[in-house]
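Undergrad: One letter stands for each residue in the lines below.
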Amino acid sequence: MEQLALFFALLFLTVLGFILGKGRAVALSGQSDQPLHSRLPYYGLYTAIWCGLPSLLIMAGWMIFEPQIAEILVKSQLKEANQSLSADQLSLYINDVINLASGGILSREPDESILEAAESYHLFKQISYFAMAVVAISVSLVTLFGSLRKISPTLRARNKVEKVISVIMMISSLIAILTTLGIVLSLIFETLRFFEKVPFFDFIFGTHWSPQTALRSDQVGGSGSFGAIPLFAGTMLITFICMVIAIPVGLMSAIYMSEYAGKNFRAFAKPVLEILAGIPTVVYGFFAALTVAPFFRNTGTMLGLDVSSESALAAGAVMGIMIIPFISSLSDDVMNSVPQSLRDASYAMGATKSETITKVIIPAALPGIVGAILLAMSRAIGETMIVVMAAGLAANLTANPLEAVTTVTVQIVTLLVGDQEFDSAKTLAAFALGLLLFVVTLSMNVVALKVVRKYREKYD
Amino acid sequence: MTDNTPHIETGPLEINQALLKKRNAREIRFRLYGLSAVLTAIMVLCLLLTSIISKGYTAFEQTYILIDVRLDTETIDPKGTNRLEDLAAASYKSLLRAALREQFPGIEGRREKRQLYGILGTSADYDVRDAVLDNPKLVGTTATIAVKASDDVDSYFKGYISRDVPEDNRKVKDLELIWLDTFQADDRIIKKFNVDFFTNGDSREPEEAGILGAVIGSLYTLAITLALCFPIGVLTAIYLEEFAPTNRWTDIIEVNINNLAAVPSIVFGLLGLAIFLNFFGLPRSAPLVGGMVLALMTLPTIIIASRAALKAVPPSIREAALGIGASRMQTVFHHVLPLAMPGILTGTILGMAQALGETAPLLMIGMVAFIADIPSSMGDAATVLPVQIFLWADSPERGFVEKTSAAIMVLLAFLVVMNAIAVILRKRFERRW
Chain Y
1 MEQLALFFAL LFLTVLGFIL GKGRAVALSG QSDQPLHSRL PYYGLYTAIW CGLPSLLIMA
61 GWMIFEPQIA EILVKSQLKE ANQSLSADQL SLYINDVINL ASGGILSREP DESILEAAES
121 YHLFKQISYF AMAVVAISVS LVTLFGSLRK ISPTLRARNK VEKVISVIMM ISSLIAILTT
181 LGIVLSLIFE TLRFFEKVPF FDFIFGTHWS PQTALRSDQV GGSGSFGAIP LFAGTMLITF
241 ICMVIAIPVG LMSAIYMSEY AGKNFRAFAK PVLEILAGIP TVVYGFFAAL TVAPFFRNTG
301 TMLGLDVSSE SALAAGAVMG IMIIPFISSL SDDVMNSVPQ SLRDASYAMG ATKSETITKV
361 IIPAALPGIV GAILLAMSRA IGETMIVVMA AGLAANLTAN PLEAVTTVTV QIVTLLVGDQ
421 EFDSAKTLAA FALGLLLFVV TLSMNVVALK VVRKYREKYD
Chain Z
461 MTDNTPHIET GPLEINQALL KKRNAREIRF RLYGLSAVLT AIMVLCLLLT SIISKGYTAF
521 EQTYILIDVR LDTETIDPKG TNRLEDLAAA SYKSLLRAAL REQFPGIEGR REKRQLYGIL
581 GTSADYDVRD AVLDNPKLVG TTATIAVKAS DDVDSYFKGY ISRDVPEDNR KVKDLELIWL
641 DTFQADDRII KKFNVDFFTN GDSREPEEAG ILGAVIGSLY TLAITLALCF PIGVLTAIYL
701 EEFAPTNRWT DIIEVNINNL AAVPSIVFGL LGLAIFLNFF GLPRSAPLVG GMVLALMTLP
761 TIIIASRAAL KAVPPSIREA ALGIGASRMQ TVFHHVLPLA MPGILTGTIL GMAQALGETA
821 PLLMIGMVAF IADIPSSMGD AATVLPVQIF LWADSPERGF VEKTSAAIMV LLAFLVVMNA
881 IAVILRKRFE RRW
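If you read the protein sequences in the order shown, they are chains Y and Z. 1 is the number of the first residue of the first sequence in the numbering used here; add one for each residue after it. 461 is the number of the first residue of the second sequence in the numbering used here; add one for each residue after it.
Hints listed in this document are in silico derivations from the structure and should not be mistaken for laboratory results. Accuracy of the hints is not assured; some may be wrong.
Unchecked claim - List time: in silico SDA-like cross-link candidates among lysine to any residue, alpha-carbon distance up to 25 angstroms: (1) Lys197(Y) with Thr207(Y); (2) Lys263(Y) with Arg489(Z); (3) Lys481(Z) with Glu259(Y); (4) Lys771(Z) with Thr207(Y); (5) Lys163(Y) with Lys481(Z).
All chains should be built: construct the whole structure from the sequences, respecting the hints.
TA: In structure tokens, the structure reads:
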């Protein structure tokens, strides 16, 4: 990678700047009687920042904008040669040119104009890289010597360095906001494009989901309908099964661990639950698909039931196992923060431990437990790998847990994996589903966090 | 709350005794429910681990067949140069096939011949080549060389294919069984540690498939993730905890980070696809993009852990530093941050472990392609360990089931090591004030 070489060159210059700056400060402190304003390393940092930051920013900006400029150039050149092309064909052409220039595979035999364009694209790339290297390194050198000359006993190096660091800190804290913004904007943008092709109400209230659109008009079975109700139903069904397993087991183990278990038992059982939480979801998916689903199927056959090999039950059950530690650790926290005085009062009235738990602690902790369950549910709704591996692909509108259903996340994955074209309703549908998923889980989280916070304040 | 407090009925003593008995029984039952819930969780974990280990441990062994190969000078080194390059270029496949035909004379039909050759793995000739390159003196003699068996034969000797199944449903046919029995009777079937599993990239043939490509891909991806989210996460945490004024804006950032921590991981994949791939035009399937997506996903975890660690440093440290004339920046970077570092590192390692096991967002940015080569840079197409598991789990061949389980064992081993390091860090360096 040529860019990496340049990056390391700039990094080297930055380190050099630090050494030179510090050296200059050392020399100054020997010469003049006036004490230096800051401690020695700050002069080094001062030069290093001046030397590294502007040139690295130039490099980053260059790398971001270069492809766009290159594309415009190629476009203008191709337009002259092939004026009859539509926008889609043109973008295919440009892809070919870029692939050819970087030694990739083409979608067609290269003709004269492509070869020519690739040649000039390649040349442009090389010139651009060369120019970038020259500009970045010369900026770096100029700023290095400029800042070295500015070093004097009165230079407030520490204050300047600290100013830069605090700006960098503020920028990093913006990244989280930018991420959310990026998620929201990209999802909304693509979703709006989707709703240009498919009406909103067909999507939200339609009961038929088959996203395969026909490539040619004479193909069969490719109407492509995007009614998302079966997906919501499937997601709900699997989430419901998951919660049926996770809530009692998670809650009871939290109660046992916090109220009954001895020290030794807790020291053993708590890490076990943590391991359960740390196992990657793809492992659960494999377990669900290869162990649990066949087990349910065989049991069902023995009982005379027809269980699908991709039953909602298997996926939901394994997801429930995954959620157990989540619920138990959250509700453990919540129950621990119920004040001891409530417990003591209950015991003083002669209540047994279980009576205290069911009639005092749980009612007192209920808001927090509800918050925990909401958080767990939002996680179950957004869980992907288990359902991708263990639930079905066909959208069935059914409430029977023994049948195969599909979920929102499964459809997002199947719509987007391996699909290259970005403008079809099929790929855009994945973004609409993603937006929906985001909005639903986000609102559940907001509510849950609010409930938990309010509850905490009550006892603090 | 007080309304719910159980009240004991006043009455004759015997009735209270009966009630007490009932209440105590209920107490014991409740306790048992709790215990059984915990035991259920533990049992499920054991079940999961045993099911994976029992399916996967056989993948660390590979069946080899000892075959007497006549290493013809004519075929291997006709010019008699004895140079290693010439030896390496020879066609060992034909020698191997001749050796098999010699072993079982009377195989005539094309189909039977193909069947006979099929009991050896697709790269069996490399085993012969490597044996010759190791010891060039073998040329011209007849040597007994261990060559890799095909995945079906391997499965048969590992007991996954039963002889009792009717031939039509069995991957290893009757004729092959006769040959294999002959080999076994001669003690020519041996099992060796499967080195290829750790040194090969992915392959369509189960006996050739290895995890090295995926492991390297995971390392590149995690390197990018760490390089991005550690500095950004720690700086954000410092800013929010030590410098940020309490105002609306800071509140928004805080709420935002908490919510980001609970966004489904697949949504981050959609973000990566729409912004990094389609808007910025970064390469598909590359660890670079994978690392960036995972960094955004791990960022909230690291910020939250770092803030907790910073908060745990007592204010007296800050006051002392400020008191002797340090600036606020110096206080934080020279005193508070070093003290909070163990906690921050623990959180970072746990975040990395989470990123290592993450699959869904990487599917969105095209890291699911079949890639046989081992990636050599961050921009190369690559896959990662969990995605490799997903891909193998989807493969129909029997041989891939044990490979999948073995890959899961490797992934879990990595996670155990990372978590152990985190625990040790916490135990040894975290100070309680």
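Undergrad: Each hint needs a verdict: does it hold in this structure or not?
TA: Taking the hints in turn, this is what the structure says about them:
Of the pairs offered as hints, the one joining Lys197(Y) and Thr207(Y) holds, with about 18 angstroms between alpha carbons and a cut-off of 25 angstroms not exceeded. Straight-line distance between C-alpha atoms of Lys263(Y) and Arg489(Z) comes to about 21 angstroms, which keeps the hinted pair within the 25 angstroms bound. In summary, the hint linking Lys481(Z) to Glu259(Y) is supported, as the alpha carbons are separated by about 21 angstroms, within the 25 angstroms threshold. As the CA atoms of Lys771(Z) and Thr207(Y) are separated by approximately 51 angstroms, the hinted pair breaks the 25 angstroms bound.
Between Lys163(Y) and Lys481(Z) the alpha-carbon distance is near 72 angstroms, which puts this suggested pair outside the 25 angstroms criterion.
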